[in-house]
Structures are given as C-alpha cells and as structure tokens.
Amino acid sequence: MEFLRPSTWDEALAAKAEYPSAVPIAGGTDVMVELNFDRHRPEALIDLNRVPELHTWEIDDDVVRLGASVPYTRIIDHLTDRLPGLSLAAHTVGSPQIRNRGSVGGNLGAASPAGDAHPALLASGGRVEVASVRGTRMIPIDDFYLGVKRNALEEDELILAVHIPSATAPQQFSKIGTRNAMVIAVCSFGIGLHPETGTVRTGIGSAAPTPRRATDAEEFIAAELADAGLWASRGELAASTAQRFGELVAQAASPIDDVRGSAAYRRHALSVMARRTLTWTWNEYRTAGRAAA
Amino acid sequence: MTAEILGRGRARVEGPAKVTGAAKYAADLHPSGLAYGYLVLATVGRGTVTAVDAEAALASPGVLAVYSPFNPLKLYGGIVHSDQSFLGQNWLPLQDAEVRHHGQIVGLVVADTFEQARRGAALVRVVYDARPPVADFAAALPNAVSPGPINGEPDVLDLLAPGVPSIEAALAAAPVRAGGTYTQPPKNPVPLEPHATVAVWDQAGLTLHLGTQAAMPSALTVAAALGQDPARVRVLSEHVGGGFGGKLYTWAHPLLTAAAAQALGRPVKTVITHEQMFSVTGNRTPVHQTVELGASADGALQAVKHEAVSGLSTSGLIFEQAAHTTSRYLYKAPNIHVAQKVAMLDAPPSTWMRAPGEEPGSFALESAMDELAAKLNLDPVELRLRNYSTVVPGRGVPWSSKHLDECYRLGAARFGWNRRAQRPGSVREGDWLIGYGMASAAYPGNQFPYTMAKVRLRADGGAEVSSATADLGTGMRTVLSSVVAERLGLPGERVAAVLGDSVLPMNYGAFASAGTASTATAARAAASAAVAQLVQVAVQNAASPFHGLDPKDVVYAEGRLTGPGGLDAAFGELLTRIDVSGVEAQDGSAPPPDARNFAVHSFGAHFCEVRVHAWTSEVRLRRFTSVIDAGRIVNERTARSQIAGGLVFGIGQALFEGSVMEPASGRTANANLAEYLIPVNADVPVFDIQFLSHPDTNFNEFGARGIGELGTVGSAAAIANALFNATGRRVRDLPVTVDKLFG
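Line by line, the protein sequences are chains A and B.
For the first sequence, the positions run 0 to 292 when numbering that gives the first Met the number 0 is used.
For the second sequence, the positions run 0 to 742 when numbering that gives the first Met the number 0 is used.
Please note that a few of the clues may not be correct.
Said to hold, decoys possible - If the Cβ cut is set under 10 Å, some of the chain A residues that face chain B in the computed set are:
no. : residue
1   : F36
2   : R178
3   : A207
4   : D256
5   : R259
6   : A263
7   : Y264
8   : V271
9   : M272
Just so you know, these hints were derived from the structure itself, not from any lab.
Just so it is clear, CB atoms sit at the ideal spot from N, CA and C, and this is done for glycine as well.
Working from the sequences, and respecting the hints, build out all of it.
Written out as structure tokens, the structure is:
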C-alpha cells in the first residue's frame with residue numbers, strides 16, 4: 000500500500016489524480032477502522048494532515064467556510080453560535096479523543112447514513128466545496144449523498160471545505176444510541192428554522208440508505224406556519240401540528256431492522272424526535288422574539 | 000498508631016505506577032532479540048484443515064517461521080483437566096487438523112517485527128473441508144443433555160416436602176403463581192489489557208510473562224504441555240489489566256508462543272487483538288431459563304422450580320450453573336426443584352466469567368420474585384423477608400454468618416424504598432417514567448486449601464509479604480500490605496507486597512472471590528510466624544542484647560522487641576546490629592470450615608432507580624444503593640471499587656452486553672469493543688455502597704469473606720425490576736434494548 004503525504008493542496012490533488020482509487024485519510028477515525036477490520040485494502044492512502052487550509056475556517060458574512068479536517072472539538076469550542084445544530088451533533092460524536100480527530104470532511108467522505116454531522120448539514124443547508132486537478136466545484140448538500148456510503152465525488156476529487164449558512168434561528172439535533180455515549184446512532188434527526196425564507200429544513204440519520212431530508216414534512220410545516228402567520232406573530236404551535244410533522248418525518252424514513260434497533264422503533268423514535276425538536280426550536284424562536292421585543 | 004490500617008480507605012499501593020504508565024504489563028516487555036508471533040485463525044466454523052500454503056508468508060520479509068497443523072510445534076497431550084491443570088480448552092493447538100470453532104488457532108507466524116508477523120499471517124492460505132457448525136443456541140436447546148452432577152448434587156434435584164409427588168404438584172396446589180422464560184446471550188470478559196505473553200528461554204528454563212489470574216497453575220499447565228520439569232517454568236505476571244475470569248485458565252497462544260521461542264532460540268511475544276480475544280480466549284455461555292414460583296396468598300413460597308439450559312462449547316469446559324447456584328438455597332420453600340442441562344455448541348471455549356452461574360441465575364430468580372410480588376400486590380422487600388432462609392434447604396445447616404435481612408432493611412432505608420409506587424408506570428417526571436427495583440445477591444464464601452504466604456522482616460526496618468496470587472485490579476497488593484502491617488504494627492508503606500510470580504509461596508491465584516479469605520489469612524499467619532522467628536533469632540544470636548533470654552520474655556509490638564530490664568530495639572536496628580539481613584517465615588491459611596457445619600455465602604441487597612423516556616424508551620440509571628454483608632472489610636476503598644465494578648458488570652448484563660454469533664458460520668459478528676457494547680461512564684450512575692460489619696469468624700479467624708463477584712449477582716435483576724416498575728413492561732430477554740422496552 001502506498002502512503003502519500005502531500006504537504007500542499009495542489010500536491011494532494013495531483014496525488015488523487017494519479018491514484019484515483021487512493022483513500023484520503025485525515026483524523027483516521029473511520030478509515031483506520033475499515034483498514035483494521037480488513038474491509039478495505041486500498042492501493043494507496045493520501046494523508047491530508049499536512050495540508051494547512053483543511054484545518055482552518057473562515058466566517059464571511061452569513062456563511063461559515065469550514066475546512067474539511069477541522070475537528071469536531073473545534074466546532075464545539077468556536078462555532079457553536081453560528082452552527083448550533085452541527086455543534087450539538089458534534090457533541091454526540093464518539094469520545095473526546097475521537098472528537099479531537101474526527102471531522103465533517105471525514106463524515107462526508109465516508110457518507111455513512113449514520114454519520115452524525117449529516118442531519119445537521121441537511122437541516123442548515125450548505126454546499127460542499129470539492130476540487131480536483133480539473134478545477135473546483137460546489138455540490139449542494141442535498142445532492143451530495145447518492146447511496147449507502149456513496150457520495151457525489153468524482154474519483155479524482157477531494158473535499159476541501161463545507162460552506163454552511165450561519166444560523167438565523169434556532170436549530171436542534173437529536174440522537175438515540177444503544178448506550179449513552181460512544182455509539183453509532185440508532186437514528187438521529189436534525190432541524191433548522193429559516194425564517195428569512197419561511198422554511199424549516201430537516202435531516203434524517205441512520206434510517207435510510209442515505210442521510211435524507213423529510214421533504215413532505217418540511218412542506219407541511221412551512222405551509223402551516225405561513226397560513227397562520229406564525230413567523231411574524233411568533234405564536235404558539237398547535238400540538239397537533241407538531242404531531243403531524245413527526246408523523247411525516249417518520250414516513251420519510253426507510254429504516255431496516257439491524258443489530259442496533261428495529262425498523263419499527265426507528266420510525267417511532269424519529270416521529271418523537273421530530274415532534275420534540277420542532278417544539279423546542281419553535282419555542283426558542285418565540286422566546287427570542289419576545290426578548291427582542 | 001496503626002490500629003486503623005484495616006478498614007480505612009487506603010489508596011491502592013500500585014496506583015501511582017498504573018496512572019503514570021510506570022507499571023509494566025506483559026505486552027510492555029521487550030527482551031533483547033525479541034521476535035513477534037501473530038495467530039492465524041480459522042475462517043470456518045467446523046471442519047478440517049486440508050492444506051496450508053505458507054510459501055508466500057515464508058517469503059515475506061522478516062518471517063522466521065510459519066507453524067500449522069502440518070508444521071506443528073510439539074505439545075504434549077494427556078492433560079486431564081483437574082486442579083493441577085488450568086488448560087482453558089480440551090484440545091491442544093496445531094496437534095491435529097480439526098477445526099472445532101470459528102476463529103480457533105490454525106497457525107502461528109513468527110517474524111522479526113509485529114508488522115511482519117501480521118503481514119505474514121495475512122499471506123498464509125488455509126484450505127478447509129468445511130462442515131456446518133452447531134452454532135445456533137436456540138436451535139440446539141431441544142438437544143440439550145445432562146451435564147452430570149453439579150456441586151456434588153444431581154443435575155436434576157428435587158427437594159420436596161413429604162407426600163408431595165412432584166414439583167408440578169406443588170405448583171398446582173399453590174394459589175398464586177408467577178415466573179417465565181429468561182434468556183441471555185453469550186458474553187465475553189473483554190478486559191482492556193489484551194491477553195499478552197512473552198516467552199524467554201535460558202539455561203534455567205522458561206520464563207513466561209503472561210497476564211494471568213493464576214501464575215502457579217499457569218506454570219504447571221505450560222510445563223505439562225511442553226513436556227518440561229515444572230521447576231524449569233516460571234510465570235511472571237506483575238500487573239494484570241483486568242481478567243474477570245478470562246485470565247484464569249491458560250489458553251492456547253501462550254503454549255505455542257513458548258514452544259516457538261524454544262524452537263527458534265529467541266524470545267517471542269504474542270499479543271492477541273481484541274477481535275481474537277473473542278475466539279481464542281473464553282466466554283460466558285448463553286443461558287435459557289424457566290422459573291416458576293408458587294406461593295400462598297400471604298406470599299409464603301410453596302414451590303420454586305428453576306430449570307436452566309446453558310450452552311457448552313465442544314472445546315469445553317465451563318457452563319453457567321444457573322439454578323443450582325441460586326434457587327437451590329436463596330429462599331425458604333418446602334418444595335424446590337432445580338435442573339441444569341447443557342446444549343453443545345461449536346463455539347469458542349466457554350469459561351468462568353465473573354459470578355458464573357449466579358449472574359444468569361439471579362437475573363431469572365430475582366425477576367420472577369419481582370413478578371410474584373406484583374401478582375401478590377406485595378412489596379418486593381417484604382416478599383423476600385417472608386421467605387428468608389436461615390438454614391440451607393434440604394441440608395438443614397445454618398450459614399456461618401448471614402445478615403441479608405439487615406441488607407434489605409438498611410438498603411431500603413438508605414435508598415428511600417418507601418417512596419416506591421407499587422403500581423407500575425405511575426410515577427412520571429416530565430417526559431420520564433421513574434421506576435424503583437431491587438434484588439438480592441448471594442455468592443459463595445470460598446477459601447482455597449493450602450494457600451501459603453511468606454513474610455520477611457528486613458534489616459532496613461521494612462517488611463515484605465509474598466504469595467503467588469495476582470492483583471488484576473482487585474486491590475490484593477494493598478490488602479496484603481495492610482493485613483501484614485496491622486499484624487506487625489507498622490505503617491502500611493513499610494510493608495511491600497509481592498505477587499504475580501509462580502515461584503512465590505503456593506497460591507492457586509485470584510478467582511472465585513477467594514483472594515482475601517485465602518491469602519490474607521495466610522499472610523497474617525506468616526506475619527505471626529515471622530515475629531516468632533525474629534524472637535528466636537534475638538535470643539539465639541550471641542551479638543543480640545536479647546541473647547539467652549527465654550523467648551516468652553521477649554515481646555514484639557509495633558516494630559520493636561522489648562525485654563526485661565528495659566531492653567528495647569526496633570527490629571531493623573536489632574537485625575543490623577547482629578548482622579542479619581532479614582528473618583522470614585512461611586505459613587498457610589487455616590482450612591476452610593467443615594461444610595457439614597456451615598454454609599458460607601456473602602450477601603447483598605441492590606436497590607436501583609431508573610428513568611425511562613416515555614416517548615423513546617431510552618433508559619437512564621439514576622442511582623444504585625447496595626448494602627453488602629461480606630464479613631470484615633479489609634480496605635473499604637478497594638472493596639468499594641470491587642462492588643462498583645461488579646455493579647457495572649450487572650449494568651452491562653442488563654442493558655448492553657451480548658456476543659452475536661452467526662448461526663450459519665459460528666462467527667462472532669461483533670467481536671470488537673465498538674459493537675460489543677459495555678457500559679461507558681455516561682451509563683453508570685452514582686453508587687451508594689454500604690458495608691455491614693459482621694466479621695465471619697466461623698469462616699476464618701480474620702472474619703473476611705469475598706466481594707469480587709457479589710456486585711454482579713442480582714444487579715441486572717434490580718435494573719429489570721426497576722424498568723418494570725417504571726413502565727409496566729417486563730423484559731425477560733437480555734440485554735434490555737430500547738426496542739424491546741418499546742415493544
């Protein structure tokens with residue numbers, strides 16, 4: 000196995016062009032597990048740890064440009080105000096040691112339906128900045144996940160950064176695991192309110208072949224909020240509305256029975272998490288409005 | 000000055016070495032010229048190895064040898080499992096081409112570096128004639144067979160009142176009945192220190208560094224397998240990073256490692272991976288139990304029927320004896336029936352694991368008792384008190400010391416049990432359902448015969464106690480130092496404890512919760528013998544100020560000898576003055592009490608509070624109270640850790656742990672610590688652990704019984720019972736996962 004150690008981004012892209020089947024490795028929290036279990040034996044690894052721009056973030060007005068290798072610990076420490084949903088998700092990743100190494104770029108590269116960052120990214124919206132020796136392109140997060148552990152990257156491309164809009168309203172993330180820490184999700188759910196567009200975005204984790212949004216639920220709640228003028232009035236959300244929202248989220252999932260949980264449980268839990276996180280975010284939105292007024 | 004050294008919370012003496020990384024475990028050793036072994040494991044669940052192609056491996060850089068059934072290392076058979084052999088399985092590796100379970104050893108590659116050995120192992124091509132394994136426990140249940148007598152009693156044991164024809168008749172006559180079928184998966188001890196071994200040969204023979212609970216039996220077992228004089232095999236095991244039973248017996252890889260080191264003329268180290276640990280070392284068998292209880296309307300038990308079927312590996316040796324270790328004696332009932340069968344499985348060797356038998360048995364019995372209490376609408380503590388046994392059913396002998404009733408009462412008071420709602424599912428705080436549960440714990444008070452210890456008093460004023468036991472995190476070093484310091488009247492830090500070496504005074508090792516009862520009593524006796532020896536030397540040595548005195552006139556106290564006319568000398572001063580580097584003496588533990596007179600158990604009562612999320616069924620343990628009746632407690636601090644560790648084991652049993660064996664292949668699908676779930680800190684609540692103080696001097700002079708396994712007994716039932724109280728849902732299949740609780 001070749002082990003390539005580029006020290007610049009251009010060298011990394013050149014290496015990926017030369018070895019299209021090479022697996023990029025940064026924190027190693029996923030890749031090393033796959034290697035240790037002998038699930039993969041790639042012809043080459045590209046160690047991205049020496050590429051400086053992957054480890055930095057920039058805040059430009061209303062968008063955070065998050066380098067692919069920025070570890071979860073830094074997201075929690077520095078970006079909670081702007082990316083509250085992603086920060087909550089980051090809290091649930093592995094152990095402190097894993098959070099010191101693991102990154103959103105790794106989650107995106109692996110594209111596991113159970114990756115903790117995905118529901119938060121889907122709920123906030125954003126674009127994945129990918130590059131190759133051919134150039135750079137932006138992939139909307141909604142188009143990024145193609146199948147089980149498959150993403151929209153071409154074989155010569157690497158993930159450089161994720162562009163995530165700063166939150167303008169409350170966000171939430173909820174996860175159920177098989178124990179209280181250091182676990183893969185049985186299922187998870189992310190939600191973000193977007194009053195400027197009058198929308199609510201969602202992300203479902205670990206309950207379908209890919210992370211996915213619950214579009215019917217999003218359309219339902221957007222219509223409910225608009226029809227009742229609730230964005231402006233910051234009025235109370237009817238319990239039946241939250242209930243219906245939860246049901247629609249559950250319907251959007253395609254879970255399976257596996258060792259971590261049954262499909263029936265996952266659907267039920269998703270409906271509960273969706274109902275509760277909607278209620279939490281909406282109540283927080285209402286409180287923020289009163290505080291501002 | 001030293002009267003309080005026993006009982007008080009003395010910190011673990013090797014603690015600083017462990018937390019600073021100074022403590023050396025077997026895998027940390029790198030003797031000069033070291034080569035590395037890596038195991039090749041079978042990838043089929045049953046069959047025969049028909050060919051091994053080692054060509055590519057042998058051509059790989061650094062590879063020194065590839066051993067296989069067709070190029071074996073000679074091991075000597077004829078080892079019959081007995082008290083003298085601690086071989087963990089009933090066959091020796093590489094001596095035939097049979098594959099008995101998935102993941103068994105079929106080869107060993109030795110190379111100059113670990114990476115080269117691992118690479119070589121990956122290049123070995125093994126060809127099998129595979130057969131389907133018997134690996135589905137549920138499917139094997141109908142074929143279960145008698146295991147033979149258990150604890151000297153029949154595997155099917157009926158203790159029936161006169162005139163009662165059968166347990167069924169007794170159950171039929173009881174107005175209130177409760178019980179069910181209780182199941183649990185196989186489990187693995189998964190100590191964090193992987194099993195590691197380093198074999199070094201020289202003129203004196205073999206030195207084997209090996210993380211083990213039993214250095215001396217390991218040495219005897221290895222010597223037999225290698226055809227060596229036992230005097231030429233020394234096992235060293237200074238630190239053991241957890242064992243839980245899994246490091247009691249000697250597994251196949253140390254035998255091969257030692258043989259390879261001999262064949263190659265180089266030290267060899269083999270460290271198995273966590274994944275390999277699941278198939279190369281032992282496991283706790285799966286268990287299927289039915290319990291039926293019959294009671295009168297006032298809650299007096301009329302009949303207890305407890306039948307268990309445990310898996311048993313075709314590689315041996317141990318199965319869970321669930322009914323005989325629990326329902327056999329825990330409650331007073333006029334009619335008791337316990338039965339045990341085993342279902343043979345082509346599975347990795349089954350072995351002892353913390354509270355073997357009591358762990359599954361107490362879950363079934365104590366769950367059934369909770370179900371009976373619910374049917375009777377009776378407080379579960381009250382039900383247990385109404386059926387309190389003071390003599391062993393069917394034998395009539397009392398316990399050496401039993402204060403379980405005090406455990407119930409004190410535990411209930413400390414916990415606030417009177418706030419428990421009798422009606423399940425009726426207490427709610429916000430989105431959380433609150434439940435209280437309790438269960439009893441009992442574990443035999445074991446004491447090994449012929450345990451020896453040596454105490455040496457040195458000219459530098461210090462003392463040393465030694466015995467061939469182990470400290471796998473139990474606190475044994477600290478206990479031995481404290482016991483001897485108390486007897487000698489010295490500060491604890493002046494008494495070093497040495498263990499983990501097979502050439503030290505005779506000791507079976509650290510298991511069966513027998514360490515303190517066996518070794519501490521021997522150490523105390525040895526300390527007294529050493530003082531007597533000191534006095535002898537003092538009166539006999541011509542340079543001694545005590546020379547010529549009658550030994551009866553020389554008194555030892557607090558490190559000093561005194562005699563008539565104001566004679567007074569610290570023992571270190573005396574030894575220095577007479578130019579003697581030290582005096583020492585060995586002595587042994589007193590024999591355990593005659594089983595005809597007493598039964599001996601440690602007891603406890605667990606109380607736990609759980610929260611269950613009303614919408615998602617997520618479980619949070621809020622607190623645990625455990626009151627422990629284990630005789631005299633030598634060191635509360637390390638004792639508390641022992642009980643807490645046992646409770647964490649019970650939490651794992653209740654909520655998380657289970658090996659998943661694929662029925663078709665016999666492969667363990669979750670053989671790693673990411674997917675074999677053990678409790679993490681966030682799963683472990685506050686423990687309120689209280690020790691009663693009733694020294695059991697019928698058991699031994701010292702009054703101490705064991706505590707290493709007691710915390711594990713009953714704790715899973717306490718949790719399951721609390722989950723029932725919280726939700727009204729009774730889960731009898733462990734572990735209790737969210738989807739089972741959700742339904």
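Structure-inconsistent hints, enumerated in ascending order = 3
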